[in-house]
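Trainee: Sequence:
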Amino acid sequence: MELRQLHYFIVIAEELNVTKAAKRLHMAQPPLSRQLKQLENELGLLLFERNNNKRLLLTVEGELFLKRAKDIVQRVEKSVLEVQECKNVTNEKLEVGCTIYCASTVLDKLTLIQKQYPNSTFNIYENEPAHLNELLTEGKIDVAVTTTDLPYQHVKTKTLAPDIFVVAVPKESGYAEEKISVAEIASLPLILLRSNREISIYNRIIKEFEKMDIAPNILCECHDSAMLLNLVCRGLGAAIVPYSMLSSFSLEHIKILNIEDNPFVIEPLVTWRTDSYLPKIAQEFLKLF
238 MELRQLHYFI
248 VIAEELNVTK
258 AAKRLHMAQP
268 PLSRQLKQLE
278 NELGLLLFER
288 NNNKRLLLTV
298 EGELFLKRAK
308 DIVQRVEKSV
318 LEVQECKNVT
328 NEKLEVGCTI
338 YCASTVLDKL
348 TLIQKQYPNS
358 TFNIYENEPA
368 HLNELLTEGK
378 IDVAVTTTDL
388 PYQHVKTKTL
398 APDIFVVAVP
408 KESGYAEEKI
418 SVAEIASLPL
428 ILLRSNREIS
438 IYNRIIKEFE
448 KMDIAPNILC
458 ECHDSAMLLN
468 LVCRGLGAAI
478 VPYSMLSSFS
488 LEHIKILNIE
498 DNPFVIEPLV
508 TWRTDSYLPK
518 IAQEFLKLF
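Numbering-wise (our numbering), the sequence shown opens with residue 238 and increments by one.
It is possible that some hints are incorrect.
[As the list claims (entries may be wrong)] Straight-line distance between alpha carbons at most 35 Å, and here's what the computed DSBU-like set of lysine-lysine pairs gives: (1) K377 to K393; (2) K307 to K330; (3) K307 to K416; (4) K517 to K260; (5) K274 to K444; (6) K416 to K492; (7) K291 to K346; (8) K330 to K304; (9) K346 to K377; (10) K492 to K448.
Since the hints were made in silico from the structure, they are not lab data. Given the structure is predicted, the values throughout are model-derived calculations rather than measurements.
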C-alpha cells in the first residue's frame, strides 16, 4: 500500500464520484479506478458501494478507513514539515480558523505575523465552532480562535481578554448620550449580526430582550460583519457588536455607545493542536495572543 493510494482514496471519498475525483487530481479516470480497485483488493473488502448513477457511498469499513487514512496522510505531512524546519526550511503557510465574532482579533494578528514573515501565505476559515473542531481534527488548520470551547481532545486552549459588546449608531442619528440601556437599544432600528452557523451570540441578545419582556425592533439580520457596519454608516440602523470588531473599521460615520449594566460579553479562546507538529509560523502566531 502506497501513500499516494491513500491520497487518491481520500479524494474519491470526498467527491463520492471517481470522474470528479480524477479531475481534481488532474489524472485520467481509468487509472484512478484501477488504483481504487487495487486498494480494495489489498484490503480484501469494499470501501464503497456502487449504484447505477455512478455515485459512490462509503461502506462502514470505508468510513473507518477514511478516518485512518486522513490521520496517516496528515501525520506524514506534518513529519515532513518538522524535518524540513529542523534545517530551517520554513513553511510560511498559516492555517487558521475563526468564528465570525473573532474575525477582527485574527485580522490584527495576521497583520503582525505578515510583517514577521513577509513571504507568508494564509488559509483562513470562518465558520462555527463545531466545524472548526472538524478542521482541527483533520489537520486542515493548526489554530482556531473561537468563542466556544472545542471538544477535540488533543488541543491546548488559552482564554483571551474579555471582549465587551457596544452599540454602534450612525453619527447622523444625533444620539447625544455616551451610554445606552438594554431597553433603549430595543427601540432602535437594529441590524443584528447572525451567522448561518454560529447563532449563540445572536440568541443571547434575543434572550436578554425576552428576559425584560421587550420586543426588539429588528430591521435587518446581517450575515457579514463588514456589511453590517457599512449599513450602520449609511444610517440604516444600529448594531450590537464586540468592541474588537470596530478596531479595524473607520469610525468616521459611527458613534460608539457603551451599554449600561452590560450583559453582552464574550471571552475569546485560541486553540491549537497538540498531537502533531505545529509549524513555526503557527508557533509565532500563537505568541501574539
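Trainee: Determine which of the earlier numbered hints do not hold for this structure and return their numbers in increasing order.
Mentor: Hint check: 3, 5, 7 fail, others pass.
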